[in-house]
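K.L.:
Using the sequences plus the hints, can you model the full thing?
Sequence lines, in order, name chains Y and A.
Per the numbering used here, the first sequence starts with residue 1, numbered consecutively.
Per the numbering used here, the second sequence starts with residue 1, numbered consecutively.
There may be inaccurate statements among the hints.
To be verified - Label-pair restraints from in silico Cβ distances:
{"id": "1", "chain 1": "Y", "residue 1": "ILE157", "chain 2": "A", "residue 2": "PRO207", "range": "20 to 30 Å"}
{"id": "2", "chain 1": "A", "residue 1": "ARG577", "chain 2": "Y", "residue 2": "ILE157", "range": "46 to 56 Å"}
{"id": "3", "chain 1": "Y", "residue 1": "ILE157", "chain 2": "A", "residue 2": "ASP166", "range": "51 to 61 Å"}
Hints were generated in silico from the structure; no laboratory data involved.
Even for Gly, the Cβ is constructed at its ideal location relative to N, Cα and C.
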Amino acid sequence: MKLVGIVGTNSSESTNRRLLQYMRQHYSEQAEIEICEIDEIPVFDEPEDKTAPQAVQVLSDKIAASDGVIFATPEYDHSIPAVLKNAIEWLSYTTRPLINKPVMIIGASLGALGTSRAQAHLRQILEAPELKALIMPNVEYLLGRALEAFDDDGNMIYEDKAKELDNDFTEFLSFVKLTEKLTANSKFFEISKQFSWKQVANGEDM
Amino acid sequence: MKFIGIVGTNAKKSYNRMLLQFMQKHFANKAEIEILELKDVPMFNESKDQSDSPIIQEFNQKIEASDGVIVATPEHNHSIPAALKSIIEWLSFNLHPLDGKAVMIVGASYNIQGSSRAQLHLRQILDAPGVNASVMPGSEFLLGKAQEAFDKNGDLKAQRTIDFLDSCFAKFMKFSDIIAQMNIPEDITYEPGTFKVTAVGHNGDLPMEVTLSDDRIEKIDIDTSSETQGIADVAFKRIPQQIIDGQTLNVSGASITSRGVVDGVAKAVKMAGANPDILKKRKKSSGPNKQNVVEYQTDVVVVGAGGAGLTAAARTIQQGKKAIVLEKFPAIGGNTVRAGGPMNAADPEWQNKFDEITGERHTLKEISEIDEKTIDDEYLADFRALKKQINEYLKENEDKKAYLFDSKLLHRIQTYLGGKRTDLNGNKIYGQYDLVKELTDHALESVKWLEDIGVKFDKTQVTMPVGALWRRGHKPLGSQGFAFIEALKKYLESNDGQIITDTAAKELIIEGGQVKGIIARSSDGKKVIVHAKAVVLASGGFGANTKMLKKYNTYWSNIDDNIKTTNSPAITGDGIRLGQSAGAELVGMGFSQMMPVSDPETGELFSGLQVPPQNFVMVNQKGKRFVNEYGSRDELTKAAIDNGSLFYLIADDAIKETAYNTSQAQIDKQVEQGTLYRDDTLEGLAKQVGMDPATFVKTVNDYNSYVDAGEDPEFHKSAFDLKVEKAPFYATPRKPAVHHTMGGLRIDTDAHVINQDEKIISGLYAAGEVAGGIHAGNRLGGNSLSDIFTFGRIAANNALKDME
Numbered sequence: 001m002k003l004v005g006i007v008g009t010n011s012s013e014s015t016n017r018r019l020l021q022y023m024r025q026h027y028s029e030q031a032e033i034e035i036c037e038i039d040e041i042p043v044f045d046e047p048e049d050k051t052a053p054q055a056v057q058v059l060s061d062k063i064a065a066s067d068g069v070i071f072a073t074p075e076y077d078h079s080i081p082a083v084l085k086n087a088i089e090w091l092s093y094t095t096r097p098l099i100n101k102p103v104m105i106i107g108a109s110l111g112a113l114g115t116s117r118a119q120a121h122l123r124q125i126l127e128a129p130e131l132k133a134l135i136m137p138n139v140e141y142l143l144g145r146a147l148e149a150f151d152d153d154g155n156m157i158y159e160d161k162a163k164e165l166d167n168d169f170t171e172f173l174s175f176v177k178l179t180e181k182l183t184a185n186s187k188f189f190e191i192s193k194q195f196s197w198k199q200v201a202n203g204e205d206m
Numbered sequence: 001m002k003f004i005g006i007v008g009t010n011a012k013k014s015y016n017r018m019l020l021q022f023m024q025k026h027f028a029n030k031a032e033i034e035i036l037e038l039k040d041v042p043m044f045n046e047s048k049d050q051s052d053s054p055i056i057q058e059f060n061q062k063i064e065a066s067d068g069v070i071v072a073t074p075e076h077n078h079s080i081p082a083a084l085k086s087i088i089e090w091l092s093f094n095l096h097p098l099d100g101k102a103v104m105i106v107g108a109s110y111n112i113q114g115s116s117r118a119q120l121h122l123r124q125i126l127d128a129p130g131v132n133a134s135v136m137p138g139s140e141f142l143l144g145k146a147q148e149a150f151d152k153n154g155d156l157k158a159q160r161t162i163d164f165l166d167s168c169f170a171k172f173m174k175f176s177d178i179i180a181q182m183n184i185p186e187d188i189t190y191e192p193g194t195f196k197v198t199a200v201g202h203n204g205d206l207p208m209e210v211t212l213s214d215d216r217i218e219k220i221d222i223d224t225s226s227e228t229q230g231i232a233d234v235a236f237k238r239i240p241q242q243i244i245d246g247q248t249l250n251v252s253g254a255s256i257t258s259r260g261v262v263d264g265v266a267k268a269v270k271m272a273g274a275n276p277d278i279l280k281k282r283k284k285s286s287g288p289n290k291q292n293v294v295e296y297q298t299d300v301v302v303v304g305a306g307g308a309g310l311t312a313a314a315r316t317i318q319q320g321k322k323a324i325v326l327e328k329f330p331a332i333g334g335n336t337v338r339a340g341g342p343m344n345a346a347d348p349e350w351q352n353k354f355d356e357i358t359g360e361r362h363t364l365k366e367i368s369e370i371d372e373k374t375i376d377d378e379y380l381a382d383f384r385a386l387k388k389q390i391n392e393y394l395k396e397n398e399d400k401k402a403y404l405f406d407s408k409l410l411h412r413i414q415t416y417l418g419g420k421r422t423d424l425n426g427n428k429i430y431g432q433y434d435l436v437k438e439l440t441d442h443a444l445e446s447v448k449w450l451e452d453i454g455v456k457f458d459k460t461q462v463t464m465p466v467g468a469l470w471r472r473g474h475k476p477l478g479s480q481g482f483a484f485i486e487a488l489k490k491y492l493e494s495n496d497g498q499i500i501t502d503t504a505a506k507e508l509i510i511e512g513g514q515v516k517g518i519i520a521r522s523s524d525g526k527k528v529i530v531h532a533k534a535v536v537l538a539s540g541g542f543g544a545n546t547k548m549l550k551k552y553n554t555y556w557s558n559i560d561d562n563i564k565t566t567n568s569p570a571i572t573g574d575g576i577r578l579g580q581s582a583g584a585e586l587v588g589m590g591f592s593q594m595m596p597v598s599d600p601e602t603g604e605l606f607s608g609l610q611v612p613p614q615n616f617v618m619v620n621q622k623g624k625r626f627v628n629e630y631g632s633r634d635e636l637t638k639a640a641i642d643n644g645s646l647f648y649l650i651a652d653d654a655i656k657e658t659a660y661n662t663s664q665a666q667i668d669k670q671v672e673q674g675t676l677y678r679d680d681t682l683e684g685l686a687k688q689v690g691m692d693p694a695t696f697v698k699t700v701n702d703y704n705s706y707v708d709a710g711e712d713p714e715f716h717k718s719a720f721d722l723k724v725e726k727a728p729f730y731a732t733p734r735k736p737a738v739h740h741t742m743g744g745l746r747i748d749t750d751a752h753v754i755n756q757d758e759k760i761i762s763g764l765y766a767a768g769e770v771a772g773g774i775h776a777g778n779r780l781g782g783n784s785l786s787d788i789f790t791f792g793r794i795a796a797n798n799a800l801k802d803m804e
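P.N.:
The following block contains the structure:
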């Protein structure tokens with residue numbers, strides 16, 4: 001099982017990055033998690049030329065080649081960071097690798113709420129027609145007080161949250177296997193991958 | 001009204017840009033809309049702060065200065081574009097221009113949704129505490145199918161859409177007004193002290209001490225000894241610094257430890273009797289602004305930019321020295337700008353040109369017949385000399401209409417008699433002879449000095465403010481007390497005198513018993529240090545500090561908590577506290593003066609018909625007169641309080657013409673608003689005000705008969721002028737309000753401040769209402785202006801003399 005873990009921020013200090021590093025190491029037997037950064041991706045401004053910039057193409061290829069994607073997002077002003085939305089806009093505007101891709105959303109925050117609002121926004125965004133990701137339903141992993149959640153060698157101190165993540169991750173693995181059967185013969189893949197506002201305007205299924 | 005429009009995308013082609021451009025044109029007559037673009041905004045990155053870059057600062061400063069922001073957002077992937085989220089993140093990190101700012105959301109999109117989902121996300125984002133914008137509720141303007149909505153010159157085609165946009169915009173104009181009022185920072189005062197609270201650490205609570213002065217959080221000490229070293233320490237240093245720098249609890253920091261510090265300080269604020277929410281609502285402390293300090297060097301530094309302070313500064317500059325005036329408020333003028341205008345100074349040469357008015361001769365006779373045993377020794381010689389003057393005047397004019405008499409001696413004895421009082425505890429007080437002599441000897445000099453400075457006086461009439469006991473008022477031609485301030489300000493500005501506003505003096509700099517300057521704090525948190533050879537305290541009394549009034553009061557049986565004041569809100573006794581910090585002695589603090597004829601709602605003097613005392617006709621709520629309307633202020637106030645505090649000044653059309661500082665238009669407006677009563681008949685007026693008509697009419701007829709007779713058997717009113725006979729008739733509601741605090745710092749005739757061992761505090765001078773000793777138990781109307789312009793000059797003269 002190959003998974004991509006996307007760090008939802010460009011900040012050098014990130015508890016979400018530590019959470020993904022913990023998962024990569026903790027679940028190394030069940031899956032190979034590659035952690036991807038998004039800080040190299042240029043600012044999206046709806047260019048005429050729809051070919052993906054190099055950094056976007058690299059990320060897109062990894063997502064396309066993966067069995068599933070884990071988004072780890074902080075919460076900036078009750079929503080996902082601009083830099084994460086920026087990456088998503090490029091993906092939806094160019095190569096659209098997230099169509100029918102199983103996705104797991106997790107988040108870590110300094111405060112107690114554990115990015116609950118950002119995760120709700122991310123869900124709505126990833127379900128937009130231009131993205132059409134398959135988000136694992138009714139699993140919301142919120143890691144509050146993340147600053148103190150890991151010891152020096154990266155193990156999670158809060159046992160209850162560690163156990164909850166184990167359950168959620170196991171469920172995600174089974175969700176990935178389940179969706180493979182579901183989407184194998186889906187007609188979505190024949191339609192052109194190129195995003196077009198006209199299709200959105202006419203409410204066509206894309 | 002000025003709004004900032006933000007195009008919510010950096011795409012070259014945008015229907016949201018077109019929408020904003022249409023609004024800019026369409027609403028041009030109602031408001032100015034400046035449109036900002038996101039093109040050059042860098043992607044937000046917490047680890048690479050670019051808050052000071054030109055593009056971010058442009059957004060920051062323009063939004064800060066605006067009356068509101070209009071955000072036009074498209075919808076990308078069911079949410080707002082990353083570019084729009086990025087600028088919002090920059091504007092909620094170290095900068096917070098959107099904090100408390102009115103925001104209107106509009107949006108255009110290709111599909112029918114018109115960016116509905118994006119607008120919902122945007123609302124939630126703008127509500128986040130880090131942003132804290134005030135988003136206008138409702139009025140969702142969604143422009144669907146934007147590609148078909150505009151004609152070729154960019155105007156919206158559908159009238160229905162334009163109508164809806166008009167209604168949303170009109171509502172936003174009103175909304176931004178209301179929001180602006182909500183943002184007026186609320187003052188906060190604490191019970192000074194150090195409070196023990198706790199902060200939140202990893203292994204349990206940490207002891208924390210918060211030190212508060214009366215209006216500032218001064219120190220926050222957290223004992224982190226029991227804490228494990230590491231990340232947590234950042235919060236224990238950064239958060240307290242931000243709280244102190246910005247004097248706010250609205251600081252960024254989401255971690256448990258940061259919130260713990262904020263909650264601890266909030267608890268201490270509550271223990272100090274203040275409401276922590278005021279601090280939570282305050283502007284976000286914009287990052288760790290460096291504790292910038294501004295230092296000045298001058299000869300004389302003056303505290304307070306009212307009449308006394310500006311005079312001391314002007315007098316210093318006239319002698320070739322440098323002066324800086326510190327003023328706590330944004331505007332200068334203190335109480336002087338609120339004064340009626342006439343300043344007392346005996347000027348027989350000028351006054352003798354005017355005729356006496358009925359009753360004045362009677363008053364002189366009464367003074368000459370006062371029993372010498374009741375005169376205190378220091379004043380006896382002057383009293384005898386005055387008696388000689390009065391008797392000569394009366395003999396000389398025995399059987400003819402005489403001129404208006406006056407002399408320095410009369411002004412001195414009346415100031416002494418007017419101020420001689422005994423408080424509730426039986427303590428007797430009267431004006432210190434040498435100070436009263438200094439005032440009455442040099443008051444006329446001050447009038448001449450002010451004329452040189454540029455004040456033009458009305459030579460055509462001798463005016464008399466309420467409770468002055470005699471007509472010796474020199475009134476400027478300009479409006480009220482403002483005329484003095486305007487002339488002094490112009491003089492200072494053209495002779496490079498420096499006035500620094502929004503800067504409150506906090507501490508005296510004292511080295512080796514010598515006062516060497518002032519430490520002050522500006523409203524934006526800067527520390528201002530002024531080194532000087534002399535400090536002149538001229539910050540006025542404490543008439544707007546009800547708590548301080550009640551603390552020292554020994555004269556009035558009661559001072560209500562909500563008693564109004566005629567004073568500026570700046571008059572809170574700061575100079576008295578500064579003097580005390582240098583060991584100054586206080587005198588007569590128990591005696592404060594009420595202004596009997598104040599506006600019951602606002603406490604101001606010049607509402608309704610504020611006529612000269614000879615035309616006062618005061619009736620209580622039952623329509624009866626109750627006092628000699630020509631009496632002193634405290635006689636009038638005591639009588640008013642005994643009659644239920646609220647009373648009415650009655651006037652007819654002729655008396656109305658003698659009212660000060662008003663106009664027919666202002667009078668009509670107040671009648672309309674119901675704060676001034678007018679009727680064509682006395683009976684009608686009585687009914688309007690709720691008095692028994694018959695009683696009221698009898699009172700007026702009796703009064704008119706006393707004017708004819710020149711004698712008032714009922715209350716011995718000592719001077720009359722006009723009768724109440726020509727319709728329409730007026731009733732002005734009046735109620736006593738706090739007006740003057742006679743007590744203050746002890747000074748000598750050179751305006752030195754004297755300490756508790758009767759010694760001069762070297763380098764410290766005081767002038768005006770901040771000083772005590774002259775007006776004792778009751779100040780004569782018009783004597784305060786003479787005081788500030790006379791002792792303001794004396795303080796400067798001696799400060800410079802002592803410097804040599």
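K.L.:
46 to 56 Å was suggested as the range; check whether the CB atoms of ARG577(A) and ILE157(Y) agree with it.
P.N.:
holds (53 Å)
K.L.:
Hint says 51 to 61 Å; check whether the CB-CB distance for ILE157(Y) and ASP166(A) agrees.
P.N.:
holds (58 Å)
K.L.:
Does 20 to 30 Å hold as the CB distance between ILE157(Y) and PRO207(A), or does it fail?
P.N.:
holds (25 Å)
Every hint, counting from the list given before, is met by this structure.
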